[in-house]
Amino acid sequence: MQTDLPERREAEGLSQGGLADAVGVTRQTINAIERDRYDPSLALAFALADYFDCRIEELFEPSVDDE
Amino acid sequence: MSDTLHPAVETVAGSPRRYKRVVYGIFTVGIVGLFAGMLFDMALAGTTIYLLGAWLGTGLAAVLPRVSPATLTDERDTATHRHASGLTIRLIGGLGLGIVPALYALEAADIVTITPTMWGAIWMGSALFLVWGGCYTYVTRFQ
Chain A
1 MQTDLPERRE
11 AEGLSQGGLA
21 DAVGVTRQTI
31 NAIERDRYDP
41 SLALAFALAD
51 YFDCRIEELF
61 EPSVDDE
Chain B
1 MSDTLHPAVE
11 TVAGSPRRYK
21 RVVYGIFTVG
31 IVGLFAGMLF
41 DMALAGTTIY
51 LLGAWLGTGL
61 AAVLPRVSPA
71 TLTDERDTAT
81 HRHASGLTIR
91 LIGGLGLGIV
101 PALYALEAAD
111 IVTITPTMWG
121 AIWMGSALFL
131 VWGGCYTYVT
141 RFQ
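Residue numbers (my numbering), protein chains in the order written: chain A, 1 to 67; chain B, 1 to 143.
One or more of the hints may lead you astray.
Think about it this way: if two alpha-carbon atoms lie no more than 25 Å apart in a straight line, the pair counts; the simulated SDA-like pairs of lysine to any residue are [to be verified]:
1) B/K20 to A/E34
2) B/K20 to A/Q28
3) B/K20 to A/G18
4) B/K20 to A/Y38
5) B/K20 to B/D74
The hints are simulated quantities; they were obtained by calculation from the structure and are not laboratory data.
Here the structure is a predicted model, which is why all the values come from computation and not from measurement.
Hey, can you work out the whole structure from these sequences and the hints?
This is the structure:
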């Protein structure tokens, strides 16, 4: 799953740990999502989209490998 | 960090990475202790170290995520455990289906002998599948 999470997070001046605390996961999970090593659950994707006040499909899009 | 936690517990419970290292480290010490006891003919000492490690590790793994204000485990850990469990079952299933019937046939033809250790492994794999089947049924029907 491709994401612009790092750009959005940095634009807000947030660390990975700060974002992790905000959505209730570990920093390692945010890191794994940003490095395309973990696809978040729907609940976490909603929480992230809610945090950045955007739609899920604006935050994530399928990688070529996912299709 | 919570004021009610002992400082040593706070240190372990403050970071997911440290928590996992400590819990897995305690289990590792217990298992190494067990094998060292068997190897050096000190079974009682080895078993004691193993039980202490198993109980302490299990206790910490069960309690710390509940009492720590930090997020120590999350959905990715759950997904990793599910993936690893599925891989384990596929691996043991593949080995069992691919090798055990051939072993029976080879033993019947007096080409190989299935040793007691091999029988132990076969029974253990079969028991693991039974437990997995029970858990699968439970999850399918009740969760």
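Legend entry - Numbers of unmet hints, in rising order: The structure breaks none of the hints.
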